[in-house]
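Undergrad: Those protein sequences? They're chains A and B, same order as listed.
Just so you know, our numbering puts 185 at position 185 of the first sequence, and the rest follows in order with no gaps.
Just so you know, our numbering puts 248 at position 248 of the second sequence, and the rest follows in order with no gaps.
Where chains are identical, the list cannot tell them apart; a pair therefore holds if satisfied intra-copy or between any two copies.
Computed list of lysine to any residue pairs in SDA-like fashion (alpha-carbon distance at most 25 Å, straight line): (1) K187 <-> L218; (2) K280 <-> E247; (3) K280 <-> L218; (4) K124 <-> R83; (5) K124 <-> R92; (6) K164 <-> E154; (7) K113 <-> R83; (8) K238 <-> I147; (9) K124 <-> G86; (10) K124 <-> G87.
These are computed hints drawn from the structure, not numbers from a lab.
One letter stands for each residue in the lines below.
2 protein chains.
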Amino acid sequence: MAIGSVVALAGGVGGAKLAQGLAEVLGPGKLTVVVNTADDFEYLGLYICPDLDTVMYTLCDLHNLETGWGLESESWNFLEALREIGGDTWFRLGDRDLATHIERTHRMRSGEKLGAITADFCAKMGTSVRVLPMSDDPVRTMVDTDIGLIPFQEYFVRLGCSPKVRGFEFEGIENAVFNPLASESLKEQDLKAVIICPSNPYVSIAPILSLPSVRNQLRDVVVPIIAVSPIVGGQAIKGPAAKMMRELGCNPSALSVAKGYEDALDGFVIDITDADESSKIEELGQRVLVTETIMTSIESKKRLAKNIIDFASEIGATHI
Amino acid sequence: MAIGSVVALAGGVGGAKLAQGLAEVLGPGKLTVVVNTADDFEYLGLYICPDLDTVMYTLCDLHNLETGWGLESESWNFLEALREIGGDTWFRLGDRDLATHIERTHRMRSGEKLGAITADFCAKMGTSVRVLPMSDDPVRTMVDTDIGLIPFQEYFVRLGCSPKVRGFEFEGIENAVFNPLASESLKEQDLKAVIICPSNPYVSIAPILSLPSVRNQLRDVVVPIIAVSPIVGGQAIKGPAAKMMRELGCNPSALSVAKGYEDALDGFVIDITDADESSKIEELGQRVLVTETIMTSIESKKRLAKNIIDFASEIGATHI
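Make the full structure from the sequences, and use the hints.
TA: And the structure:
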C-alpha cells in the first residue's frame with residue numbers, strides 16, 4: 001500500500017526524533033517538516049537556527065546524541081580559543097557546526113533566503129526530506145519572565161530556563177509570511193496527515209500556529225491533524241515545557257497540552273504512562289492513541305511513526 | 001645601558017620574525033610594530049587581517065611554524081565541514097584561528113576600531129609589544145596582472161601568485177588615516193630607530209609608506225631609518241617578492257630593494273650572501289650592515305635584532 005505524504009510541524013529534539021521515524025516509515029519524497037524559526041538568533045554576528053539545525057542534523061544522522069544539539073564527533077577548539085581572547089561563550093558552537101552558521105550567515109547577507117539555503121544544506125548533508133523553515137522572515141520569541149522580557153536563547157541557554165515564565169511574545173509574527181512551500185505541502189493531493197510533533201507547545205509549535213493564515217489553512221485541511229504529547233507522566237521528555245506549564249498556572253499533563261491545541265486537532269497521541277487521561281482528552285472531541293511515545297532508538301522512532309500513521313488512517317476513514 | 005624604543009614597520013612572516021627578535025632584545029614596552037593592513041579582506045563574511053594576525057600570533061609565540069600563518073596545534077574541522085556543505089575553502093581558516101576572525105568581525109560590526117580590538121587581543125594572548133594596524137580605515141591592495149586587476153588575497157592565495165604582475169593599487173589609501181598611536185610612537189623622546197622589516201616591499205611596506213603623511217613623518221624623524229632586505233641571493237626568503245621584481249622588469253636583488261627605498265633610508269641591512277652588493281648600496285648614500293639575516297630560530301632572530309640595534313647606534317652617533 002502506498003502511504004500518502006505527511007506534513008510534520010516541529011521544534012527541536014522531540015520533533016527531530018519523530019521526523020526521523022516518519023522519514024524512515026514514509027520513504028523518500030513523502031515527508032515535509034515545517035520547523036520553528038522563532039528561536040533563531042544572532043550570536044557573535046552569526047545567524048543561528050537551533051531548531052532547524054537539530055532537525056536537519058538528525059535527519060542526516062549527523063546529530064550529537066550526547067548533547068541533544070549540534071553535530072556528532074564534534075570538537076571545541078574554536079570555543080576554547082574564543083574563551084582565551086575574552087569572547088562570549090555561553091552559547092556553545094562546535095568547530096564543525098560553525099561551518100553551518102558561517103556559510104548560512106554569509107549566504108543570507110548575500111541575499112539568499114533561509115529556505116533556499118536550508119534546502120541546499122539538506123541536499124549536501126544527504127537527506128531527501130523536505131525541511132522547511134516556517135518562514136523566511138524573522139520571528140523572535142521573547143519570554144516574559146519575572147526578570148523582564150528576554151530573548152528566548154538568553155532564557156533557554158544563558159539563564160538555563162531559571163526565570164519564572166509569565167508569557168511569550170513572537171516579535172515580527174504579524175509580518176512573517178508562512179513558507180509558501182509549506183503552504184503548498186498542506187494542499188498536496190496525496191496528503192495523509194498533519195502531525196504536530198512532541199515539541200514544546202509554547203515556544204516550538206505556537207510560533208508556527210501563530211503565523212498569519214496558518215490556523216485557517218489547517219482548518220481547511222481535509223486530512224487528520226494529530227499532535228503527540230511532549231509531556232509524559234507530568235514531565236517534559238526534554239526542555240522546559242513542564243516548568244513553563246506550572247509557572248503559567250497550568251497542570252503539566254498530556255491533557256493540558258491537548259486542551260491547548262483543542263480547536264486544531266482531530267487526534268492526540270499520549271504515552272501509555274498517561275493512559276488514564278485518555279477519556280478526558282476524548283471528551284475534548286479528540287480521538288486518542290495510547291502508545292509508547294518515548295523515542296530512544298531508531299526502532300522506537302519508527303514504531304511511533306508507524307503507529308501515528310495507522311492512527312491517521314483510522315481517523316481518516318471516518319473523517320470526511 | 002638602557003636601549004631606547006624602536007618602531008618597526010612590518011608585513012607578515014619576515015616582519016613578524018624580526019619583531020619577535022626585537023621584542024626579546026628591547027624588553028617590555030620598547031617595541032611598537034606598525035603592521036600592513038592592505039592585505040586584509042572579507043571572506044565568508046569575516047574580516048580577516050593576515051599580516052596583523054601573523055605578527056600578533058608570532059609575538060605571542062602561538063604561530064604555526066609549519067604553515068607560516070595561523071596558529072600552532074591547529075585543527076581543521078570547520079574547514080572540512082564547510083567543504084562538505086559546498087562552502088568556499090580556498091582560504092584556509094583553522095578552528096582556533098576562527099575565534100580571532102569571528103570575535104574581531106563581531107566587535108568591528110558593533111563599532112569598535114581595529115586598533116582597539118588588536119590591542120585587546122594582544123593583551124589577552126600575552127604580548128606587551130604594541131602591535132598597531134597601520135590604519136583603522138580600510139585599504140585594499142589590488143594587483144594589476146596579465147589577467148586583470150584582482151584583490152591581493154585572490155592573487156596571493158587563490159591563484160598562488162601565478163598571474164604576472166604589472167603593478168599595484170592601494171584602494172582607499174587617500175582617505176586612510178595613519179594610526180595616531182603609530183604617529184605618536186615616531187615622536188617618542190627615547191626613539192632609537194625605525195626599522196623596516198624584511199617584508200615584501202611592494203605589498204607589505206609600500207602600503208604603510210603610501211599612507212598620507214607617513215613619508216613626511218619619516219623625513220622628520222631624527223633617528224636612523226634602517227631597512228632589512230627581504231631578498232637574499234636573488235630570492236625572497238618567503239613569498240612572491242622576487243617574482244614580482246622580475247615581472248616588473250627589475251633585477252631581484254638587495255640592491256634593487258635598497259634603490260626602491262632610496263630616499264627613506266639611512267641604513268640598509270643585507271645578508272652575507274649579498275656582501276658584494278654592499279659598495280653599490282653605499283653609493284646610494286645608505287650605510288650598509290652585512291650580517292646573517294636568515295631567521296630560523298629565536299637565537300637568530302635575536303642576533304639579527306641586536307645587530308640592527310647596534311648598527312642604529314653607530315649611525316645615530318654620526319646622524320644628527
